[in-house]
Amino acid sequence: MVLPVNNINSVNFTADKRGEKKSVYAHDRLLKNNFPTRARIAIDKVSSAFTIYPAKGLKGSKNSNFYEFLTLGIVPYVAGSLTLMGVFNAANKHFPPADRRTASMLGKKLAAGVLFYGLFKGLSKTLVTAPVHALTGVDTEVPYAKVNYELPDHINDTDITSIEYHKVFESVDFPRWDLLYSGKPGQAPNAYYDKVAKKLGMGDNLKDSDQEVKPRIREIVTRTNIAKSISSYLWAAVGVALAFQTPWEKYFNIMTLKFKNGAFKNSMRVFGQSFKNSAKTLYTGADSELGKHTGKVLLFLAAASTVLGVLNAVRNPDKPSKDTTVIDKGGKYVTA
Amino acid sequence: MSVNSIQNSITNRNDAGYVRPSPPKGRLIKSDILGAPVLFAEDIGYKARALKHAIKGTANDHELGKINDLGMFAGGLGIASYLFTRRPVLKSRTMEFIGLGSFLASMLVWPQVAVRLPARLIHGVDVQQKYEDSFGRKKLFFQDPQYIPWDLYSDEDINKIGNRMRVPKDIPNRREAIQAKMKKVAVQNNTLWMLTAGFATPIMSALICNRLEKPVENYLKNRQNKKLEANFEDFEQLAAERKKPARLNAVKELIKKNHDNPINKRIFDEMCQILTLDGMDIRYMKQDLNKALSFTEGKYHVTPEIFDNFADSWHKRFAEFQLCDEDGIVRPIEADKIIKKSELAKIAEDEKFIGNIFTEAEMFEKHDKFRNNVFENIKKLTDVSDYTREMLESLVDGGKNSSEFKILTQNNALMFDSDNKAKIEKIADMIDDFESKRAGIIEFKTGKTGRGDTVIAKLWTDMQSDVLRIFEFSAEDIEKAGVHETAMLEKLTQKFEMFACNKEKYNNAVSKLAQMFVKVRKTLNDDGKYEEKVKNLFNEQAKTFKEGGLVKMAERLTGPSEDPEKLVKGSMRHHYEVNFKERIEDLENTIRRMWNALDFFKRAPGLNESPENIAYAKELFLNAANSTYECKFNCSSEAYKTLIRIMYAAPYHTDTIAILEKNNLLKGAQALREDIVKLVGNHTNELKPHHIYDQALEYAVDSKVSSQRRGRLIGNKLTKLFFKSSQAQNNTNKWLKVVGIPGAILLGATILAQFSFGKDKTKKGGLND
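In order, the protein sequence lines correspond to chains A and B.
According to this note's numbering, the first sequence holds residues 1 to 336 in order.
According to this note's numbering, the second sequence holds residues 1001 to 1769 in order.
Simulated from the structure, these hints should not be mistaken for lab results.
Treat the hints with care, as some may be off.
Just some of the chain B residues that point at chain A, by a computed CB distance under 8 Å [to be verified]:
hint, residue
1, A1054
2, I1055
3, Q1146
4, K1184
Take a look, some chain B residues computed to stay more than 10 Å from chain A by CB distance [to be verified]:
hint, residue
5, G1124
6, Y1284
7, V1384
Restricting the straight-line Cα-Cα distance to at most 35 Å, the calculated cross-link-like pairs of lysine-lysine (DSBU-like) are [what the hints assert, rightly or not]:
hint, chain 1, residue 1, chain 2, residue 2
8, A, K59, B, K1169
9, B, K1130, A, K45
10, B, K1724, B, K1512
11, B, K1139, A, K62
12, B, K1183, A, K59
13, A, K93, B, K1717
14, B, K1458, B, K1569
15, A, K146, B, K1052
16, A, K296, B, K1458
17, B, K1138, A, K62
Every residue gets a Cβ at the ideal spot worked out from N, C-alpha and C, and that includes glycine.
Please work from the sequences and hints to get the whole structure.
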């Protein structure tokens, strides 16, 4: 997202529809981790990934950076999902009727599998981050807007900033600690760290709560990250397995987006039933001898990875985390 | 930063005692095929360490990234494993893992083939160059365009690349100019990679799976077949290893539970149920066991039925007794008042009479107790003279010779005594032994010719796709003729005519069909070894059964005949042999039908028959279903016979004979034709379709075989066979088109796009890099 910050230019080209003041983006700013913000960030990232970033990247812009490269990663996800669905379904209409039906049922299940993969993967992350937030006070997902000053491409370029949306803890090597210090008048700079320290049972009124708490937060974030990434893929697998259950066929037969005569409402009702029944057959493995228990095992693995992941993230450290032995405080140092 | 490297810098002091940073240890990674396994192993080690660090909470960003890969792999494995268990056949199960593997491989291969290689060829830059930083972390050199560790490239290397990229040699700061250009190409290629991978990966993966499906199936079936062969070869030894004392344990359990009880009907039935062979009626075991087990002399036991008979017998005696009283009036006796079943049953219960074993003396004692009850009831009778009372008492006073006492002692007790126990256990062991051997036969039989995921199923599908190739069906033929059987008849007639008049094509097709036949026979039942083993096993077992006293069972296995060579219809051995043979015949005779038809097309021009008949015969060869034969081709009996004669009675063409003889198939093929003439063609009554031969039914004598048997001789309808094959092939072709063409376009576009990369398109007024 490229936004103008030319102070001389009174015309505002910002895409910000909510009327946020431009000054918000004059420097890096912590954002609230709530649904509207997350949605706005997601929309911004997805639209940029399909428009501005590819255009910049294909031109080989000197301003292209790692953030843009990573955000471009959305493209293969979306394109890959659509292509996967296409590979399983596109040729079906050329098949003879009987084969078409068989292929189409399987194709729809596979397409549903692709959708559920993404859905379960995304939603399951909350199963880790929310309890960790509640138990430790550390919200590993808190976002911030980063202002990036770019090199002008052209002599008339006045628009030389771009906004990137990061998470404070997206790097465990370099978390943006600075954004967590309070700048509000009347509030102690360490307010955030004080709160976390209290929540973690490290005590009240610590002299330097930030220094005490940072290593702990780093541990929590790291452990939450691993729990999040491993469990989310297992939940994604559960999603695929769910999509492969026979009861879905009932829904596939009548699914529609037409509203005439309450058709859509009815199809949604059947969707609910199919979902419920599919969840049941996934658990009981009713229609397969060999797969009688694999559904249970898969569900158990996913649930266990979430629970163990959270427990690992919130457990107390085995030893004091503040390492004081690395630097010899009496020694002399040069930096180069 | 690891503690180690800090430790290094602490010890790394200069002369003045100042600590100075360690020299950087980064390096470019030279990737070649030989180094790949080492890198792979290092990567696994790195991921394992990363996982450990992450659980501890000390991992860095790079390590966490690696764990994400690990998670993706675990999730993919979860999906493949789950779907594996949901698939009915081994091939589709295996394909789930191949699907996962091909997807992951495609993710890796696409950027190598479509991005890295062309970029290297066109620009001389390795856009996927990897490097290892001072902390041993491996990264893509160009992943972050704002941070590229250029110092890892020597001037010499950079200049070489610059020459390839045609950067002028005489400019100031040439290195910077080359670097800027390299960076530009890399950024463009990275973007291209991200834009194309999403489309390319699923397509590539699907195409890989499509290509691998057949080899995988071939490999799996080959392995399955080899295993079946090996197991069958020494199935007797395997049987000894696999033998489970299932029946022995079950009867032991039964004996333990009922050791002191007589073997009543329930226990006897249960025992027979345990002992009898799977798939055999229980009555044969009952008959044999009744004879084999010995009953205990001098000991008796009473079943509820016997007790009922006993009481009824007394009751009947009183009911039938008519006494002429002193006054000369005949009065019926009220038997219900004398024989009270409830009272007798109460005594029986108190005495633990039913179901237990007694000696004769004990039995008589019990008998007395019942009699006393009767005497008392007689005493209670009013309005009866003493004479009558005496007469009545005499009715139950038969002692040991009375028919009632005989009823009580009719059942010699059958006990689990040591003799019977040994006999039963021996029989159980014998049956266990046979079942373990029979399991080997069944494994071979069902693995080769059963329904579902079997060797014969694979041979059928192979045959279906092979015949399209043998008869040179083009994609267009397949598409056009694959719409309907009528269209297929037309196309097939055309093909057969063409092959018949072209000697080379003809010989080639017949040879291929002959080879196919040989392969089928060799794969399914080489040298008839199946029948040989079945014969030996069943004959030996029948002998063992007979020696062990199980005569009826022995007869069920092989029939009453003493001749071991004779296959008796209806015996178990017969089922096993015929069932197996018929499944193979289905396939074999369909292949034979193809060369029979082809041979007829070749001979047709020289035949001295009416053109109508020849044309119809050609159509019948290709298009007649079994039902068409059953309806005698819907023509008169004479016409039917003529057609059969034209089609099957004349000798083969000399070319056909040569090929069949070469493959040693001529005799069998001719025998089949004779059978068809004799068994299918020999109908005297045109109005009798679908009748089944039965010796007892006189009206069926003109046909010695069932319609199923006749159908098997004729083989499958060829138009249907080719139609089905075309449909399957057509589906694959269509799918390949829909998926493959976009894939090819994508690959082409991706490569072409790279020719426009790296060019400086700065507009007027633009700022140089």
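These are the hints, each one checked on the structure:
no.: 1; hint: A1054; in the structure: holds (4 Å)
no.: 2; hint: I1055; in the structure: holds (6 Å)
no.: 3; hint: Q1146; in the structure: holds (5 Å)
no.: 4; hint: K1184; in the structure: holds (4 Å)
no.: 5; hint: G1124; in the structure: holds (16 Å)
no.: 6; hint: Y1284; in the structure: holds (32 Å)
no.: 7; hint: V1384; in the structure: holds (73 Å)
no.: 8; hint: A/K59 - B/K1169; in the structure: holds (25 Å)
no.: 9; hint: B/K1130 - A/K45; in the structure: holds (27 Å)
no.: 10; hint: B/K1724 - B/K1512; in the structure: holds (20 Å)
no.: 11; hint: B/K1139 - A/K62; in the structure: holds (20 Å)
no.: 12; hint: B/K1183 - A/K59; in the structure: holds (11 Å)
no.: 13; hint: A/K93 - B/K1717; in the structure: holds (28 Å)
no.: 14; hint: B/K1458 - B/K1569; in the structure: holds (31 Å)
no.: 15; hint: A/K146 - B/K1052; in the structure: holds (32 Å)
no.: 16; hint: A/K296 - B/K1458; in the structure: holds (33 Å)
no.: 17; hint: B/K1138 - A/K62; in the structure: holds (24 Å)
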